[in-house]
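Visitor: The residues making up each chain are set out below.
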Amino acid sequence: MTFAGLPLGTVLGVGLGAAAATVLLYLLKLRRRPVAVAFAPLWHRVLGDRDASRLFSKLRRWLSLALQLLLIALLALALGDPRPTNALGSGRNLVLLIDTSASIQATDEKPTRLDAAKDAARRLVRGLGGSDRALVVAMGAVPVPLSTMSDDTTDLLVAVDRARASDTRAELGRALELAADALRGLPNGEVVVLSDGVLAAPPTTPSLGSAKLRFVPVGKSGKNLAITAFSVRRYPLDKSRLEVMAELANLDSQRAEVELSLWGDGAIVDSERLVLEPGARLARFFPDVGGARHALEARLRYADGHADALPADDHAYALVPERRRAKVLVVTPGNTYLEAALLLDEYLDVTDVKPAQYPPPGAFDATIFDGVAPPPADKSGGLVYLNPPAAGSPVKLGKPIKGFGFDTWDKKSPILRFTALGDVQVATGHALEPSAGDKIVGASDAGPILVSGTRGGRAFIELGFDPRQSDLVLRPAWPLFVLNAIDSFSESDTSYLSAYRTGEVWRVPVPAGAREAELSSPGGATRSLPVEQGRAVTFGEHAGFYRLTSGTADARVVTEFAANLSDLDESRILPQKKLAVGGENAPPPVVNGGGVRREIWLWLIVAVLALSVVEWITYHRRVTV
Amino acid sequence: MGLLDWFRPRKLAPAATPASELFDDEFQRKLEMLALVSRRVFSGRLRAERRSKKKGSGVEFADHRDYVPGDDIRSVDWNVYHRFGRLLVRLYEEEEDLSIYFLLDCSASMGFSGSQKFDQARRLVASLAYVGLANLDRVTVLAMTEGTLERLPTTRGKGRIFTVFRFLSSLLPGGTTDLAESLRAFAAQHKRRGLAVLVSDFYDPAGFEHGINVLRYEGFEPYVIHLVDRGEAKPALDGDVLVVDCETGDEREVTVTPGVLDKLGKAYAEYLGDVERYCTQKRVPYLAADVSTPFDEIVLRALRHGGFLH
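These protein sequence lines map, in sequence, to chains A and B.
So the first sequence is numbered by the numbering used here: it starts at 1 and just counts up by one.
So the second sequence is numbered by the numbering used here: it starts at 1 and just counts up by one.
Derived from the structure by calculation, the hints contain no laboratory data.
Note that the structure is predicted; figures quoted are calculated from it, not measured.
A virtual CB, placed ideally from N, CA and C, is assigned to each residue, including glycine.
Take these hints with a grain of salt, some might be off.
[Said to hold, decoys possible] Cβ pair distances, simulated, as ranges:
hint : chain 1 : residue 1 : chain 2 : residue 2 : range
1    : A       : Ala607    : B       : Gly239    : 41 to 47 Å
2    : B       : Pro205    : A       : Ala610    : 47 to 53 Å
3    : A       : Leu25     : B       : Glu146    : 38 to 44 Å
4    : B       : Lys234    : A       : Leu25     : 32 to 38 Å
5    : B       : Gly273    : A       : Val613    : 53 to 59 Å
6    : A       : Ala610    : B       : Thr293    : 39 to 45 Å
7    : A       : Pro588    : B       : Gly259    : 53 to 59 Å
8    : A       : Ala610    : B       : Glu276    : 18 to 24 Å
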């Protein structure tokens, strides 16, 4: 036993002094309040039997003194803060990894799994010994320390309270790496994972050194429905019409009758009931959706009205693609095929100029150079070069080639969407020699013939041959190629417009010249985002609609976008009772009893209080007097 | 008890109520009513004709005794002789004026707790004295304290009631109770025997029996009026106190609890029962006079239940 507080001599001095004072006070006779009575013999008659117990009364008085001395001894001992010798200097160092992923929001534990995990964390904190220290970490897609490595239980409990769930995965690997770094060089390290076990498996098993891994499982059931994908697009040839796709999943072991409702701008626009087999995934399309101009939301629930265990993946959000007229400048000596292709889209505002008239006044979303390559003017938008001359071509022209076609092409490129280029025949052209960073979209055996990239912060697409020297202009692929190229510049994308996914870094385009942007999250909070290479960058944590304000002070531009969880793995919320890392199951941590610390003085104070309460009750209820 | 009470002198017996309050007009109207009631109760009897214990030449037959030579032959009851063949002499009660002595306990305990007992006692004495005076009895009032006597000389006729008032008004409670000593002095000073109305709370450390017995043994007819204040059995006390007897100063440390107060109530009831039981056993008329009961009601009870006037 060691005294961590006052030294033993001081403790003895204080205790003996207080004891002497108490004994002195007990030796003084208690002065009682005199009260006159009419006939004292009546009182003698009443108290006569009490005289028989006078010895017991004296005994009680000495018992009372002994009790007071005991209280003094306990208090004096508490001042000394006695601790077991082996408890000093050998405390544990704990890292509490509290799962804050989307699955931890499941309500199978009341109120949520996160609250259960936080309760378990609080028990661990309250059970810390006097020499123990702990670090509280929120384990989401990115582990975030919520406290310092501290032995102050108050700070640690506040840190536990600050843990908030996000709509992301929990990256166990990153969290373990952080824990290993925090425990490096510290003795008796322990990493305690408080989670439902729905975790992203680490790509490699991080080394915890001598630290031990512990696991506190939370969660009860895996009954869950989820919207795993949600998109909306405008039809390519009729941009006034919308099509919506939602993918549903039943992650329960039982057949589920569900209701999927579609909401546009806050009002319901469609709803249908579906039956999902256990473990099934089902894609549903809502063709020709009307009633939504701006925002769309999908909601999923059981047909009988009750909610599943995880509400976070029962909602999905999307914004209707903007529908605006793209301004296109065509610099050409004359190209009937090109003009015909541009006539197909009524939402194009086409301006034709001769090469000598370039640049005309005005701003454009895209400029098509047909056989020419003048220096691009400002406000020309994206640039499409069709068979440009060597001088002015953004891509260096290689050797001339003859009788070739598209032998390979990027089928996922939006430029070639819906096109079939396999049997296109080209008479003459040039192989292109793209620079680093350029992307080869299409190529013949002789070399690249369709390249995209960026020059001077301006996007371009270059075709290495004159379309009129091929049968491409006679095919449906020709107008689709032209329109896809323009769409890729005007950002009026008519493809499935998937929202951002949470748990990833979002890079949202902002106008040129913007250096900072302000993001309003679904909860209403706003924060500033840095802008890198023309995009505002942030880490997405929560699903919902976002609003990004950027641009210069003169011209503020507001961009809206949606974000969804859309993570089937995170929607599989069946709790895991074991956590295996490196092939070994993590055992549960050692939890001291509620509120127990290895600080004996607390117990001494509790004993003093208990004795005082007993004394007070027995005295004032006339049990001992 | 406030902090200042620690510095004040201990006040055990408060001052007595002034005469103007004690015997006010209302009191005197009630006395007239009581006198009328007493006449109705004893209607048909002659004034000043009270049966004495003396046997003699009166006209009221009292008893027989055997004839002995020398007796007046006229007193032989010849009817009895004819029926039973025995010579018996007829005895008659001797008629004389009745002497009524009012013995008022003036100890400190009578003035305890606002002098309620002492005031009630003085009103009772005044009332009964008026009834006696109205019946032409010889009324004497004596105040007892610490074995001594203070005396209002014997008087008769209801016009003397104001003398009684003045005497009673001049009395103050104080001192200790010693009934036996006071009554021995009383018996020695008053050779004429009669009705002795003892008005007291009987808080006598030596025992209440001694005083009653003195009256019995000395040939007086004792009549006990026991002043009762039930508030004394339920004092508003709690906690550690030092109980001090208001007469003797006897002290006792007590921790007052509800249990102790219950026992005190029972002890008080037992004490009242002891006094009444003793009087009943000794055939001494007993009347408990509660301070909360109006004095005229107590007087009427005394008149109706008998014992006070024969």
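Visitor: If a hint holds in the structure, say so; if it does not, say that too.
Guide: Do the hints match the structure? See the list:
For the pair Ala607 of chain A and Gly239 of chain B, the beta carbons lie near 28 Å from each other, so the given range of 41 to 47 Å is not met. Between Pro205 of chain B and Ala610 of chain A the beta carbon distance is about 48 Å. The supplied range of 47 to 53 Å therefore holds. For Leu25 of chain A paired with Glu146 of chain B, a C-beta distance near 42 Å keeps the hint of 38 to 44 Å intact. Checked against the hint of 32 to 38 Å, the pair Lys234 of chain B and Leu25 of chain A passes, with Cβ atoms roughly 34 Å apart.
The hinted range of 53 to 59 Å is not satisfied by Gly273 of chain B and Val613 of chain A, whose Cβ atoms lie roughly 44 Å apart. Restraint check, Ala610 of chain A to Thr293 of chain B: a C-beta distance of roughly 54 Å breaks the suggested window 39 to 45 Å. Distance hint check for Pro588 of chain A and Gly259 of chain B: the Cβ-Cβ separation is about 56 Å, which falls inside the suggested range of 53 to 59 Å. Take Ala610 of chain A and Glu276 of chain B: their Cβ atoms lie about 53 Å apart, and the range 18 to 24 Å is violated.
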